[in-house]
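Protein sequence lines, in the order shown, are assigned to chains A and B.
So for the first sequence, numbering that gives the first Met the number 0 puts the first residue at 0; every next one is plus one.
So for the second sequence, numbering that gives the first Met the number 0 puts the first residue at 0; every next one is plus one.
Hints in this document: simulated from the structure, not taken from any laboratory.
Keep in mind that a hint or two might mislead.
As the list claims (entries may be wrong) - Sample of chain B residues facing chain A (criterion: CB under 10 Å; computed from the structure):
(1) Ser5
(2) Cys64
(3) Cys123
Unchecked claim - With a straight-line Cα cutoff of 27 Å, these simulated DSS-like cross-link-like pairs (lysine-lysine) come out:
(4) A/Lys348 with B/Lys20
(5) A/Lys28 with A/Lys407
(6) A/Lys348 with B/Lys42
(7) B/Lys136 with B/Lys42
(8) A/Lys263 with A/Lys83
(9) A/Lys8 with A/Lys29
(10) B/Lys42 with A/Lys330
(11) A/Lys399 with A/Lys29
(12) A/Lys190 with A/Lys109
For each residue, glycine too, the CB sits at the ideal point set by N, CA and C.
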Amino acid sequence: MSRFSRNGKLNIEELRKVFPVLSRQIRGKKLTYLDSGATTLKPLRVIEAVDHYYRNGTANIHRGVHLLSEEATSRYESTRTAVKDFLNAGDEREIVLTSGTTAGINLVAKSFVKSRVKTGDEILITAMEHHANIVPWQMLRDETGCKLVVAPVLEDGSLDVSAFKSLITGRTKFISCVWISNAFGVINPVKEMVHAAKSAGVPIMFDAAQAVAHEAVDVQSLDCDFLVFSGHKLFGPTGVGVLYGKMKHLEVMPPQMGGGDMIKSVSFEKTIYADVPAKFEAGTPDIAAVIGLGEGIRFVTEDLGFDVIRAHEQELLVAAELALQDVPDLKILGTAHPKVPIFSMILGKIHAHDVGTILDLQGVAVRTGHHCAQPLLARFGVPATVRASFSIYNDQEDIKALVQGLRKTLEMFA
Amino acid sequence: MSERASAIYQAVILNHNRSPKGYGVVPLATHEADGFNPICGDKVNVSAIIVKDKFVNLGFTAQSCALCRASASVMMEALADSTLSRAEEFVSQFENMIRGKGVVIKGDAAAFEAMRDYPARAKCVLLPWRTLTEALKNGSTASGVPPGLTSVSTELGE
Ligand SMILES: Cc1ncc(COP(=O)(O)O)c(C=O)c1O
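Here chain B stands alone, though its shape is the one from the complex (with noise of 0.2 Å):
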């Protein structure tokens, strides 16, 4: 296996990928968004139940590649019970080391550090952190929206 390509498929990221946490749509959700990768057709749902600003219950699915799939499940466990001004705060850390703009997060999160240097597939990686964004905006929109209609990607941009 060359570096390079351990350094983004590290083993962090291909285990979550194997077997990610919080992987399922959460009942009666009251917040819901569905991700759509136009680019790729990468599908992302998460779906969360919030009481008194805090994440009672946070799940996704996705039909996607590894990366996408290995952050959802990151994204799960780091912000599971976290409050919601918390949240906020992890997604824009997050996003701002994948654009190589920030410093680098501890725990799981820190194996996607390396898709910095890879701008094409940072729109994966970043599509579950966008899909709960507009999942907090929204409320519980995506029952009954065919998945893709809400199109988070628009906003990743080329």
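Pulled out of the complex, with its shape left as it was, chain A reads as follows (with noise of 0.2 Å):
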């Protein structure tokens, strides 16, 4: 049991009364919010923490010895404790604290994978990435020659993991994959893909920013090399995210930012960086952010937890997907299960972005347009789709009010 469920089952009213968002009017209507796939609404226990720092003590971290900034510094730290449960890392030191999944990838792709490959080389990623996903290997490709292979998606919209397997070769050096796809809500099969990557030894990335307010992650069962996400998909504020890394490899890794906070000491001869976490963690970070992804973080585990949220979900899932059957000309693209409740739909020849206005006048709020995946998009021959990402506050209501919306929409352009 916790604090807002009985019996496994959620109280979805009383949950809603903790994020002051959902009260609002959006253009006189009562606010439907379908994207949380861009990022979560904010419970208030996030809020109120981030509130909390700025007004009873406001200090940097890690530096100064008055009470103010112990403070600051041990809730900054707390976050780092409550992502290792979270992940279930081994070791609080595998956590370090960045602006997010992009971020993270970036530090990866220059201080990990750059100084390994070679013309020839090859990096793998999959065709259903989010080009935070894309663009930073590109990079490194046009940087250091070598390849970038995609493996395949399959006709539902899941990965074609057949090929995925028969793509690495003594070639690849790096994997990097997303564990849900953003714009479709199809989960990936990631245990299999770990497996097939430890077989070749070739180290593997998950992009979790889509999977962690959904799934259970635990790091060490599925033997992960790096893991990222963002802090405001998360329940959390924006600015703040995580790369998780095994030790080993974090150790070796050279810190891609100089300044303070990153060192032992400094003279103008030789500076010594600091130990794992701190070498990546140059500069005053958004200490209010930490302090939100942390309770971001309590939030999920202690208020809700992964049993309550995955039931709930699913059921939001079923129906939804029976209720979209209704409409007319309606065509989902990413119908492959397991998925979370993401829809990417297309409604006759209507473009996406009228379908966003006219939800957006009903106050349903969607998202339209290429979901920062193209090659995605483009292998499904559509520039643009109109994407509902439902999480743990949507209700049936929801559900009801995303159909009538499309039903309207459909009138209006018959």
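With the hints as a guide, bring the two chains together.
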């Protein structure tokens, strides 16, 4: 039993009360927030933790002996502990606090992969990556002459796992893949992927940006080399994220940014870097956001728990799939299961932006466009879709509002 | 249909979207440009034959949302047979209206007035007009240029 559940069943009315935005009127209508894939709403305990830091004791961390600084440092570091437990990492030092998923991927590309590839070597990704897991590798390719190999996606939006496996060869030096597709919500068979990578002795990283709010992550049992995510998709603030890396990797990786907080000692002749993870955390970080991320994690683990989250979201998934079937001319891309309730939709010949605007006028917030996954949409021959992404605070009313909005759009363009 | 939805998607706009004026690439155009909105992927081509500072033929093609397509159609209608200086004046009047800075224009273009309350969509509506401006500046440069390279929309800002 947790704060918002009884016998594994979510008390959705109580839960919705701790998300202040949900009581806002949008263009005179009740808000139907279906854009959690872009960023989740923030619960009170996150908002209050950020507020508390600024209101009761703004101070810098890891410097100064005064009480405020000690408090700030201890709250900042408590997030690292929370992340370690959340990911079930073996060692707190394996948790590097970053500014987000994008920062984590770029750091690994530059600091770990770059020195390990040369002309002819290959980096393997999939056709369903977010631009954040494409562009850094293209930059590396252009710099080093290595090749970027892309594992294909099947017609139902799932990864072609056998092709993925066969693309791992002696030339493959690194694998970086999305865990849950942000465009389709399809969940990749991460265990099987790690197994294939390990058998070939290739290090593997997961972009868990979309995964962390839906799935329990256990980096030890998964045995991946790196994993990245962003706080703002986990009910936390923007501007903060996590890079998990195995200690043996982090230890040999050179820092990419020099400055305060990442050194042991500095003289003009020689600087000795701090240990992992401090050597990757130069400069004053977004302290409030880090504290907020800790609360976001505690919100998930203490107030909800993944059993409750999964049960509620799978209920939404099934109900929404059923309800959307009744909308004429609606096509959903990425129907493969297992998936989380994210729907990439095409409504007849109506452009995604027109659908998005008409839904917005009904108070329904969705994302329209390419969802930073242009190659994936190109694979399905469309430039844009309408994406409805559900989270823990959505209910059956939200499904109704979406379906109603889609029907209105059809009427208007009939 | 909600009142607000009907303010944006007025019958005039939906009709222009359904049966646009001047749809097609003008053969042997003297002026042409491609416009691209990287945020939503909308693509527009505007082509024209201009003789003695006057439009003799004007056309557009678009892979875009309804607002962009209807806006291009309205532009075709408003500027057919117009002189260049009149066209330039009209383009800037239209843009001012969309940005909520100017008076409302008469005719079908007025249907876009409500867009000033939806800046996120103003880019869609302005894309054909920006592409025309680019075509006038360029002369016939679009042929051979892959669509998307003349990214007019970068000037639109966020
Ligand atoms: C799968 C995936 N990867 C990476 C990112 C980038 O995350 P951020 O912009 O927080 O760095 C996102 C966010 O949109 C995402 O959904």
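A quick look at each hint next to the structure:
1. Ser5: holds (8 Å)
2. Cys64: holds (4 Å)
3. Cys123: holds (6 Å)
4. A/Lys348 with B/Lys20: holds (19 Å)
5. A/Lys28 with A/Lys407: Cα-Cα ~15 Å, so holds.
6. A/Lys348 with B/Lys42: Holds, at roughly 16 Å.
7. B/Lys136 with B/Lys42: Status holds; Cα separation ~19 Å.
8. A/Lys263 with A/Lys83: holds (24 Å)
9. A/Lys8 with A/Lys29: holds (25 Å)
10. B/Lys42 with A/Lys330: holds (23 Å)
11. A/Lys399 with A/Lys29: holds (12 Å)
12. A/Lys190 with A/Lys109: OK: A/Lys190 and A/Lys109 at ~26 Å, within 27 Å.
Comparing the model with each numbered hint stated earlier shows that all of them hold.
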